[in-house]
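Colleague: Now for the letters of each chain:
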Amino acid sequence: MQGAVYSISWRQPGAARVALAGLALVALAMVLAIAALGVGSGGLSLGRMFDIVSGGPPAAPGEQLILGFRLPRVLTGLFVGAALGVSGAVFQSLSRNPLGSPDLVGFTTGAASGALLHIILYGPSVVGAAAGAAIGGLLTAVTVWLLAYRRGGMSARRLVLVGIGVGAMLHAVNGLLLVKGDLDNALLANLWLSGSLNARTWTHAWLAIGAIAVCVPPVCASARRLALLEMGDDLASQLGMPVARVRLTMFFCAVMLASLATGAAGPIAFVALAAPQLARRLQGGAGPSIIGSAAMGACLVIGADLLGQRQLWQLNLPIGKLTGLLGGLYLIWLLPRRGAR
Amino acid sequence: MRDCPPPPPSDVALRARGLTLAHELTIVCQGLDLDIPAGRITVILGPNGCGKSTLLRGLARLLAPQAGHVVLDGKALHRYGARELASRLSLLPQEPQAPDGIRVEELVARARYPHQTFWRPWRAADDDAVRQALAQTGLTALAGRPVHTLSGGQRQRVWLAFALAQNTSVMLLDEPTTYLDIAHQLDVLDLCRRLNRQLGKTLVMVLHDLNQASRYADHIVALRDGKVEACGPPAEVITPERVRRLFGIRCVVMADPVSGTPLVVPVSSAAGD
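Note that the protein sequences, when read in sequence, are chains L and W.
Just so you know, the working numbering puts 335 at position 335 of the first sequence, and the rest follows in order with no gaps.
Just so you know, the working numbering puts 185 at position 185 of the second sequence, and the rest follows in order with no gaps.
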C-alpha cells in the first residue's frame, strides 16, 4: 500500500528496499523507546524490563513508580512523533512541495492558539488544552482552505502561501495571548508553548494513540491515491480517482493528526517537515511513505528526548526547542541539495 | 460553419451535441456538435485560445458541460462510473508532471489504477499491460531509469506508455508534440499512427503544426472561437481559404512530395483581405 506493491513476476528492487527500510525504522523506534525507559538514574535495566513483562518477579513499588512516569511519557513521544510524521507526509504530498508541512502552514500554530486560549481562560487541564488544540487546528485549517480556494479548485501553491501568512498572524496572536493572561497561567502557557514530554500522563498518551488509531488507517488506505494526486489533478481525475473527495479527507486527517499531536505535547517543531523527507531518503520509492514517516517521526521525537535528557551543558532543553535546533540544521542541509527539483 | 454530414452511429466513438463548456467563468465552447470517428486518428486544429484543450477536457468528463451532452460508444458520458469511464477513455494532458525520483516502470504501472480494486491491487494482467506498453513504446531497456534523467522525447514516450497501459480504446492527447524537436515530434506521431493501425485505438490529438496534422490525421476538426469551423479528411479541410479564416494567414497549399497530403506553405501573415 505504500507507493506501489508488485506481484512476484514483476519484482521491483525498489519495493524490497521500501519494506525493509520501513521495518528497520519501526525497529529503531522500539529500540529508542526501550532506551528511553531505561536511561538515567531512576531507569530500569533491560533485564528488569524483560523480567517484568515476561512474568518474572513483579515490579517493586519503586519500579512501578518509574514505569508510571516513564511509560506514558515514552508512549506519548512515540505516538506524537508518528502523528506528526504522517501529517507531514500527507501535507507534502497534497501540496506537492517538500516544504508543505503543518507547522510551516500555520496549523500547529493554530492548534497552539486554541490550547493557549484554553489554558489562559480556564487554567491547565490536559483534556481541555487538547480539545482547544484540536478546535484551533481545525479552525485554522478551514480558514486557510477557504482563503486559498478559488472557483475551479485548490492550488497547491496557494495553500502553502496562504498557510504561511495565516501561521505568521497566529504566531503573533500567541505572543499577545501570553501578555494578556493572568501571570500564573501565562507562565504555564509559555512553558507549554515550548513543547515538552515532561509530566505527560496516560491522558496525553491515550490522546496521541487515539489520534493515530482514528486518522492513520484512512490515510494508509488512500496512500496509492495520494501518490496519483501528486501527478496532477487532470491526470489523476481521468484515471477515475475522485480528486476533490480524496484531497478533502486526506487534508482533514492530516490536520487532526497535527492538532491532536500538538494538544498532547505542545508544538514540536520540524518533525512533520523532516520525518517524511528523511524516511523517503532511506526507503527510496516515489510515493508518500506513511509507515516510514510515522516510524521516523517517532524516532526523531524519542531521539530528541533522549538527547535532551542528557542535559548537555547543564541545559534542560524542552523537546520543542531541541527539534527546532535540529530541524533548522536539517533545512540548511536540505536546501542546497534539492537543486535538481 | 459545418459542412460535413455526421457518419452512421456505429462508426462514431465520441459524439457531442450542443456542447457548451466554460473555463473559469468564461464560455469557451458554445453549442458545439462533433463526431469522432472510431478507429481513426482525429486531429483538432485551431488558433490559440479557441477552446481545444477545454474541448478535450469536456470530452474526458473533467468538466461538466453547461449545456449539451457527450455520448461515448452509444452511452451518455454522465452515465459511466468513474473507473468504467477511465478504462474506456484516457486523456493525456499538456505537460504532465512526473513525481520526483520515480522510475519509468513505476510511473507506467500507476496507469493501471482504473483496472484495480482495493482488494486486488495488482494482478498478472497489470504486469502484462505494463510490459506491453513499454515494449510498444520502445522503453523496455529504460524501464528502471528515473524519469527525470530522460530526454524530453523519451519522457513523452513514457507518458504515451502511461496512456497505453491504461488500455483504453479511445485516447485523447493534448499537444503531445509541443516542446519536442522535430525528430522526437515525428517519433511520437509515428508511434501514434502505429497504435492506431496495429491496435485499432481511436486517437484524438491536438496539434499545432498544420502539415503534421495533414500527414497523420484521417479526420481533421478545425475549431474557431469554440465552434467547429470545418471537419473532414485533410484534403477537404486544409485549403487556403480555410487556413485564412482560421489563422488569418495567406498561404499556398500543394501536395506534400512525400505523402501526397496537403502541404501548407505560408505566404504572409496579412489578415483579412
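Hints may contain errors.
Unchecked claim - Partial chain L-side listing against chain W, Cβ under 8 Å, derived: (1) Pro61; (2) Glu63; (3) Gln64; (4) Ser237; (5) Gly240; (6) Leu282; (7) Ala286.
Source of the hints: derived by calculation from the structure; they are not laboratory data.
Note that the coordinates shown come from a computational prediction; the quantities given were computed from them, not determined experimentally.
Beta carbons are placed, not taken as given, at the ideal position from N, Cα and C, and that holds for glycine.
Colleague: All hints are to be evaluated individually against the structure, with a verdict given for each.
Modeller: Each hint tested on the structure:
{"no.": "1", "hint": "Pro61", "result": "violated (50 Å)"}
{"no.": "2", "hint": "Glu63", "result": "violated (46 Å)"}
{"no.": "3", "hint": "Gln64", "result": "violated (45 Å)"}
{"no.": "4", "hint": "Ser237", "result": "holds (5 Å)"}
{"no.": "5", "hint": "Gly240", "result": "holds (3 Å)"}
{"no.": "6", "hint": "Leu282", "result": "violated (13 Å)"}
{"no.": "7", "hint": "Ala286", "result": "holds (4 Å)"}
Violated hints, listed in ascending order, are 1, 2, 3, 6; each of the other numbered hints is respected by the structure.
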